[in-house]
Amino acid sequence: MSDVSIIGIGQTKVQESWDTSLRHLAWYAIEEALDDAHTNQIDAIYVGNMMAGQLSHQSHLGALVADFAGLRGAEAMTIEAADASGGAAMRQAVLAVQSGLVKTALVVGVEKMTDQTGNLVTSAMSTGLDADYEAVHGLTNTGVGALLMRRYMHQYGVGVADFAGFSVNAHANGADNPLAMFRNRLKAERFAAAPLVADPVNLFDMAPGGDGSAAVIVTRNERAMDMVPRPVRIAGSAIATDTLALHDRENLLWLKAAETSVQRALAAAGLTADDIDLFELHDSFTVMAALSLEAAGFAAKGEGWQLARDGQIHRDGRIPISTFGGLKARGNPGGATGVYQIVEVARQLRGSAGDCQIEGAKIGMAQNVGSNGASAVTHILRVNE
Amino acid sequence: MEVSRHWRLNEQRYRLVGETCDSCGTKLFPPRDVCLECAAPAKELYTFTGTGEVFSYTTIYDAPAGFEQNAPYTVALVKLEEGPLVTAQLTDMAKDEIHIGMPVEMVTRKLSTDGPEGMIVYGYKFRPAVVAAL
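Chains as they are written, first to last, in numbering that gives the first Met the number 0: chain A, 0 to 384; chain B, 0 to 133.
Calculated from the structure, these hints are not laboratory results. Any given hint could turn out to be false.
Said to hold, decoys possible - Beta-carbon label-pair distances, calculated as ranges:
| id | chain 1 | residue 1 | chain 2 | residue 2 | range |
| --- | --- | --- | --- | --- | --- |
| 1 | B | Arg14 | A | Thr240 | 22 to 32 Å |
| 2 | B | Arg108 | A | Lys102 | 50 to 60 Å |
| 3 | A | Asp273 | B | Glu43 | 42 to 52 Å |
| 4 | B | Ala70 | A | Gly69 | 57 to 67 Å |
| 5 | B | Pro102 | A | Arg263 | 33 to 43 Å |
| 6 | B | Ala70 | A | His23 | 31 to 41 Å |
| 7 | B | Glu43 | A | Arg308 | 46 to 56 Å |
| 8 | A | Asn383 | B | Pro102 | 52 to 62 Å |
| 9 | B | Tyr45 | A | Glu15 | 41 to 51 Å |
Note that beta-carbon positions come from the ideal geometry of N, C-alpha and C, so glycine has one too.
Chain A extracted, bound-state conformation (with noise of 0.2 Å):
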């Protein structure tokens, strides 16, 4: 268990955002977490972005942000890890505040995808591959999720239409949050029907791309109990790593660092995935959603579609999924992603999830994965008791 913990979060809602900018956005987020911190004395700032560079023209986000917030001094820098850059942002921040030389830090999560038109989001995002080997080709990272799930299919014996549950349950829960990106109830009927981005991937396999920012403090456990009265115990973190090429991958259907980082995680929390209330997972395709309940061990390899077709993964199931719409409704603000997921387990671990929540929640995990698995960063929210 570390001695971190949560104290102040916000999120804008995911949408195009056409009227704001790339600084306005993270200072929406930031604004709201440290009113609910009830401070403003940041000592470090760490911006999960992946594509500024590109799609803004706009690097050194930390001294942006800093700046931009009023925080101007303090210690801030972009992490980057593709679209598992949110995750390993809250990561570094763990680390700081777990380290001692930092006292309070403030994770921001950040995407501005919506100001470009035309293939150059699409560009932006294949650069999280490998340039010389797949990126090279034609390979998209909508591409890589269409490679998966072919194999998977494939593999495993399974059509198009069992993959539909993990959609229909991230619509479902999404129509229950006003800051999901879409809000319609999808039916299984449509999802097959849905036209293709990247056979097999159609439309509805995919998350929507759009602006967004999401941010966290957090401080020591000691201090956040005298700062605000439900302080959000950070009861493991780990990050992993896989070939970044999914050419490389020794088992192409198993994503070794998702495991890997969910097993850290656990051992540190001193649990096991049966304690786990539930699971925001990085549900960018369909596939990877399944293959994230494998690797995390809720399901048997090429078992985890079985768990949507099931309902197990609905909001009453056994391990709720996507509870507040997930990648898939929500959106998907690509290195924005993962402090979305940190805040939303601790809306649930609150009681603060309005529509969304689930009962008696006390133990939740995310887990944001960047580039289909080359990384995986693991986070395990308890409530402090």
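Start from chain A and add chain B according to the hints.
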């Protein structure tokens, strides 16, 4: 233009030159100098035969910059005869004949272009194996 970035990979792009592990004999492509299996040094060059079979594949409709003219195109994971998977486009075949397990062989093709005046990047793609078809 990124001439040197592509030029320095000519041996890989045109001839599938990878490496062999000194210790366990594993063949590596792309070359990475450290064996994926046993982490021993793997610096001895090895030229792959260029034959293999389709392991997974997808058709890309939403193409990144430089590939717009090719879309839709098919990218596959090809399992090379010597073991490794390689990412490459499939070519010279109808979409409905592609299937997992299909025998393929390496050919050299145009990969992408940087506008009408820019550099053309060539490299490996895979087509139906001629030998297997006879």
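Going through the hints against the structure:
Separated by about 30 Å at the C-beta atoms, B:Arg14 and A:Thr240 satisfy the suggested range of 22 to 32 Å. Checked against the hint of 50 to 60 Å, the pair B:Arg108 and A:Lys102 passes, with Cβ atoms roughly 58 Å apart. Here the CB-CB span from A:Asp273 to B:Glu43 is close to 48 Å, well matched to the stated 42 to 52 Å. Restraint check, B:Ala70 to A:Gly69: a C-beta distance of roughly 46 Å breaks the suggested window 57 to 67 Å.
About 42 Å separates the C-beta atoms of B:Pro102 and A:Arg263, a value consistent with the hinted range of 33 to 43 Å. Judged by the Cβ atoms, the range 31 to 41 Å given for B:Ala70 and A:His23 holds: they are separated by roughly 35 Å. Taking the beta carbon of each, B:Glu43 and A:Arg308 are about 49 Å apart, inside 46 to 56 Å as hinted. Between A:Asn383 and B:Pro102, the C-beta spacing of about 60 Å keeps the proposed range 52 to 62 Å intact.
A beta carbon spacing of about 50 Å between B:Tyr45 and A:Glu15 agrees with the range 41 to 51 Å that was offered as a hint.
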